[in-house]
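Engineer: Top to bottom, those sequences are chains C and P.
Everything in the first sequence is counted per my numbering, starting at 119 for the first residue and increasing by one.
Everything in the second sequence is counted per my numbering, starting at 60 for the first residue and increasing by one.
Hints listed in this document are in silico derivations from the structure and should not be mistaken for laboratory results.
A portion of the hints provided could be inaccurate.
[Said to hold, decoys possible] Simulated crosslink set (BS3-like; lysine-lysine; CA at most 25 Å straight-line):
#1 LYS288(P) with LYS296(C)
#2 LYS206(P) with LYS124(C)
#3 LYS393(C) with LYS124(C)
#4 LYS124(C) with LYS296(C)
#5 LYS149(C) with LYS393(C)
#6 LYS288(P) with LYS255(P)
#7 LYS206(P) with LYS269(P)
#8 LYS206(P) with LYS430(C)
#9 LYS424(C) with LYS124(C)
#10 LYS124(P) with LYS230(P)
#11 LYS206(P) with LYS424(C)
#12 LYS230(P) with LYS185(P)
#13 LYS296(C) with LYS206(P)
#14 LYS147(C) with LYS430(C)
#15 LYS121(C) with LYS185(P)
#16 LYS80(P) with LYS121(C)
#17 LYS80(P) with LYS288(P)
#18 LYS269(P) with LYS288(P)
Quick caveat, the model's predicted, so the values are computed rather than measured.
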Amino acid sequence: MKKYAKIGLYLLVLAAAIALPLLLNMSRKGKNHISILTLGMVWAIAALSLNLILGYTGQASLAHGAFMGIGAYCFAILFERVGINFWLAVPITCLVTALIGFLVGLPSLRTKGPYFAIFTLCFNVIVLVVFFNWTWLSGGVQGQAITLPSYLSQRWVRYYVVLFFLILVMLIERQIVKSLAGPSLIAVRSNENLAEAVGIRTFREKLIAFTASCFLVGLAGVFFAMEQQHLSPEATSYLASFYILIYLLIGGVATLGGPVVGAVGLYWLLSRFEKSLGDFRYLIFGLILIFVIIYFPMGVVGGIKKLWEWAKERWGGKEVPSDTLAYRGPDEEVRGVSSD
Amino acid sequence: MTLLRIEGLTKRFGGLVAINKLDFDIPAGTITAIIGPNGAGKTTLFNVIGGAMRPDEGRVTLDDKDITGWRAHNVAREGISRTFQTTALFEELPTWVNLVIGYRMRTRSGILDGVFHTPRSVRERKDTSQRVLETLAFTGLGDYADKPAGSIPQEAQKRLAIGVALIGRPKLVLLDEPTGGVGLGETDEIISLIEKIRDSGVTACVIEHKMRMIMHLADHIVALNFGVKIADGNPQAVCENPGVIEAYLGECIA
Ligand SMILES: Nc1ncnc2c1ncn2[C@@H]1O[C@H](COP(=O)(O)OP(=O)(O)OP(=O)(O)O)[C@@H](O)[C@H]1O
Ligand SMILES: [Mg+2]
Numbered sequence: 119m120k121k122y123a124k125i126g127l128y129l130l131v132l133a134a135a136i137a138l139p140l141l142l143n144m145s146r147k148g149k150n151h152i153s154i155l156t157l158g159m160v161w162a163i164a165a166l167s168l169n170l171i172l173g174y175t176g177q178a179s180l181a182h183g184a185f186m187g188i189g190a191y192c193f194a195i196l197f198e199r200v201g202i203n204f205w206l207a208v209p210i211t212c213l214v215t216a217l218i219g220f221l222v223g224l225p226s227l228r229t230k231g232p233y234f235a236i237f238t239l240c241f242n243v244i245v246l247v248v249f250f251n252w253t254w255l256s257g258g259v260q261g262q263a264i265t266l267p268s269y270l271s272q273r274w275v276r277y278y279v280v281l282f283f284l285i286l287v288m289l290i291e292r293q294i295v296k297s298l299a300g301p302s303l304i305a306v307r308s309n310e311n312l313a314e315a316v317g318i319r320t321f322r323e324k325l326i327a328f329t330a331s332c333f334l335v336g337l338a339g340v341f342f343a344m345e346q347q348h349l350s351p352e353a354t355s356y357l358a359s360f361y362i363l364i365y366l367l368i369g370g371v372a373t374l375g376g377p378v379v380g381a382v383g384l385y386w387l388l389s390r391f392e393k394s395l396g397d398f399r400y401l402i403f404g405l406i407l408i409f410v411i412i413y414f415p416m417g418v419v420g421g422i423k424k425l426w427e428w429a430k431e432r433w434g435g436k437e438v439p440s441d442t443l444a445y446r447g448p449d450e451e452v453r454g455v456s457s458d
Numbered sequence: 060m061t062l063l064r065i066e067g068l069t070k071r072f073g074g075l076v077a078i079n080k081l082d083f084d085i086p087a088g089t090i091t092a093i094i095g096p097n098g099a100g101k102t103t104l105f106n107v108i109g110g111a112m113r114p115d116e117g118r119v120t121l122d123d124k125d126i127t128g129w130r131a132h133n134v135a136r137e138g139i140s141r142t143f144q145t146t147a148l149f150e151e152l153p154t155w156v157n158l159v160i161g162y163r164m165r166t167r168s169g170i171l172d173g174v175f176h177t178p179r180s181v182r183e184r185k186d187t188s189q190r191v192l193e194t195l196a197f198t199g200l201g202d203y204a205d206k207p208a209g210s211i212p213q214e215a216q217k218r219l220a221i222g223v224a225l226i227g228r229p230k231l232v233l234l235d236e237p238t239g240g241v242g243l244g245e246t247d248e249i250i251s252l253i254e255k256i257r258d259s260g261v262t263a264c265v266i267e268h269k270m271r272m273i274m275h276l277a278d279h280i281v282a283l284n285f286g287v288k289i290a291d292g293n294p295q296a297v298c299e300n301p302g303v304i305e306a307y308l309g310e311c312i313a
């Protein structure tokens with residue numbers, strides 16, 4: 119029953135996401151909203167990638183802003199300066215970002231908890247400084263412009279491109295989490311000593327999750343570059359790392375919908391109130407964050423799931439879904455055991 | 060036949076010698092019990108065998124293979140799994156997912172197999188499901204399969220921890236106080252589970268304080284005091300050993 123409700127909900131949101139640009143495209147103001155939503159979805163891809171390493175594997179990376187910026191620049195340089203085909207540059211960018219992620223993960227994932235967060239934050243600061251100073255790479259203060267192929271010049275086209283890739287990333291993440299590899303990652307987050315004792319090579323699992331996560335955030339970088347059509351060194355800033363983190367925390371870690379709701383919703387709100395509230399937005403942002411972390415430690419989507427389960431227990435049948443995690447896998451066969 | 064051999068094993072914490080030149084064998088297919096007063100070094104011994112700590116001296120050999128100082132995950136893959144004195148589980152995950160994780164070291168499919176749904180991934184998921192069902196039945200946890208491990212009764216958690224250790228088909232399981240923290244009237248299922256482990260051909264090594272249970276279960280007892288072996292032999296002999304009575308038992312109740 120719950121399964122169908124969930125699929126129905128996803129289809130409804132998908133239909134709305136497909137229909138939205140058609141409505142917005144009618145007015146001049148609406149066109150701006152398309153761009154905002156597109157960037158919101160780019161951040162959603164970034165938040166989903168962080169979800170893999172933070173939400174499921176439990177390692178708080180504060181370098182995802184840097185990796186997104188590296189992806190954006192890598193793409194811009196490959197496409198604009200080297201002249202590689204747009205759609206060929208996309209996978210190359212992801213692979214390059216993943217490779218750098220792998221190399222950064224090798225030393226940094228040896229550290230634990232807050233030390234890992236600090237290590238990755240330092241990496242991010244270094245990357246930002248490097249991009250500011252290596253003007254041959256980043257274009258310095260003038261930045262790096264991107265001239266899109268003409269078929270991408272329309273906002274709604276870019277919107278659908280990013281929507282398509284967002285869905286793809288969600289599906290990939292779902293497949294990972296529901297496969298046998300998923301529980302290994304979650305085991306590292308849940309109890310690292312026990313995971314080691316049952317034969318899980320925790321360092322290897324972290325490195326795999328981190329590399330995969332960087333692969334995906336490289337994709338977010340590509341579409342960031344595509345939508346902005348201009349990059350400055352700030353694209354690699356650690357501020358982006360914190361944004362991604364906050365989108366994920368507010369939306370809900372270790373869920374699939376959470377990062378998307380958090381990123382698109384908050385990015386839209388932030389842009390919406392940019393004129394009227396200025397920097398006061400961030401104050402409100404902070405308050406929302408505190409509120410969510412105290413009252414909904416699993417984020418908005420996690421909170422809704424809890425409410426839903428509570429309501430079902432109260433008014434529904436006796437079947438109570440037992441976990442708040444996305445992982446329900448491998449097969450129905452196992453579930454059958456408990457019902458008889 | 061000897062499954063595990065401990066030779067001259069020593070572990071120090073600063074000035075404290077937690078285990079001191081320990082020698083003993085665990086015969087295959089038996090239940091060996093480790094007894095001794097609090098702080099005798101029993102848990103430390105498991106930590107050193109299981110790879111959670113490196114010994115300072117000595118050798119650990121499993122089936123004639125030197126595994127001294129191996130890391131915990133490699134020791135587990137080689138065939139020694141363990142439970143912890145304070146029950147360790149993946150608490151927020153359902154019981155059956157705990158078991159899936161326990162079996163993970165026996166499957167090889169990675170995240171790309173998951174993404175592309177490769178034949179290997181399909182096959183290994185089938186295999187895992189099968190093994191999870193077997194282990195749920197073996198440990199009698201079917202009713203709790205869907206419940207988060209942290210929410211099931213203490214006694215069932217203990218059995219689940221044993222199940223997580225067993226599901227990967229180890230040669231040897233190390234059980235650190237499998238009935239610790241469980242009410243006296245509730246230990247029967249755990250005791251019969253340990254007997255079932257031996258009957259299924261898996262060697263067990265159990266740390267326990269409940270002497271009556273040990274006398275009934277164990278084929279072989281090793282007694283420790285201040286990290287030193289003070290007795291080693293069949294239950295009756297160890298129970299009547301004057302050194303053991305003085306250091307630990309007070310009197311032999313069996
Ligand atoms: N990580 C550690 N660092 C320092 N000292 C330790 C450590 N682990 C154990 N010890 C010390 O080593 C000695 C043996 O401890 P251990 O936990 O092995 O005892 P035990 O026989 O399991 O006792 P119990 O029956 O209470 O579980 C104790 O004195 C303990 O304080
Ligand atoms: Mg102990």
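Engineer: With a cut-off of 25 Å on the C-alpha distance, tell me whether LYS269(P) and LYS288(P) pass.
Structural biologist: Status holds; Cα separation ~19 Å.
Engineer: Between LYS206(P) and LYS424(C), does the CA-CA distance stay at or below 25 Å?
Structural biologist: The given pair, whose Cα atoms are some 15 Å apart, holds under the 25 Å limit.
Engineer: Are the Cα atoms of LYS424(C) and LYS124(C) separated by 25 Å or less?
Structural biologist: Holds - the C-alpha atoms of LYS124(C) and LYS424(C) are around 14 Å apart, at most 25 Å.
Engineer: Starting from LYS393(C), check that the Cα of LYS124(C) is at most 25 Å away, please.
Structural biologist: Distance ~37 Å between LYS393(C) and LYS124(C) Cα, so the pair is violated.
Engineer: For the pair supplied as a hint, LYS80(P) and LYS121(C), confirm whether the alpha-carbon distance does not exceed 25 Å.
Structural biologist: 59 Å, violated
Engineer: Straight-line Cα separation of LYS288(P) and LYS255(P) no greater than 25 Å?
Structural biologist: Cα-Cα ~28 Å, so violated.
Engineer: Would you check the hint for LYS149(C) and LYS393(C), treating anything up to 25 Å between C-alpha atoms as holding?
Structural biologist: 17 Å, holds
Engineer: Is the straight-line distance between the alpha-carbon of LYS288(P) and that of LYS296(C) 25 Å or less?
Structural biologist: Cα-Cα ~48 Å, so violated.
Engineer: Hinted pair, alpha-carbon criterion (25 Å max): LYS80(P), LYS288(P). Please report holds or violated.
Structural biologist: Holds: LYS80(P) and LYS288(P) sit about 9 Å apart, inside 25 Å.
Engineer: Just to be careful, I want the Cα atoms of LYS206(P) and LYS269(P) compared with a cutoff of 25 Å; is the pair within it?
Structural biologist: 30 Å, violated
Engineer: Take the C-alpha atoms of LYS296(C) and LYS206(P), compute the straight-line distance between them, and say whether it is at most 25 Å.
Structural biologist: Cα-Cα ~18 Å, so holds.
Engineer: When you check the alpha-carbon spacing of LYS230(P) and LYS185(P), does it fall within 25 Å?
Structural biologist: Distance of about 23 Å is within 25 Å: holds.
Hint check: violations occur at hints 1, 3, 6, 7, 14 and 16; the rest are consistent with the structure.
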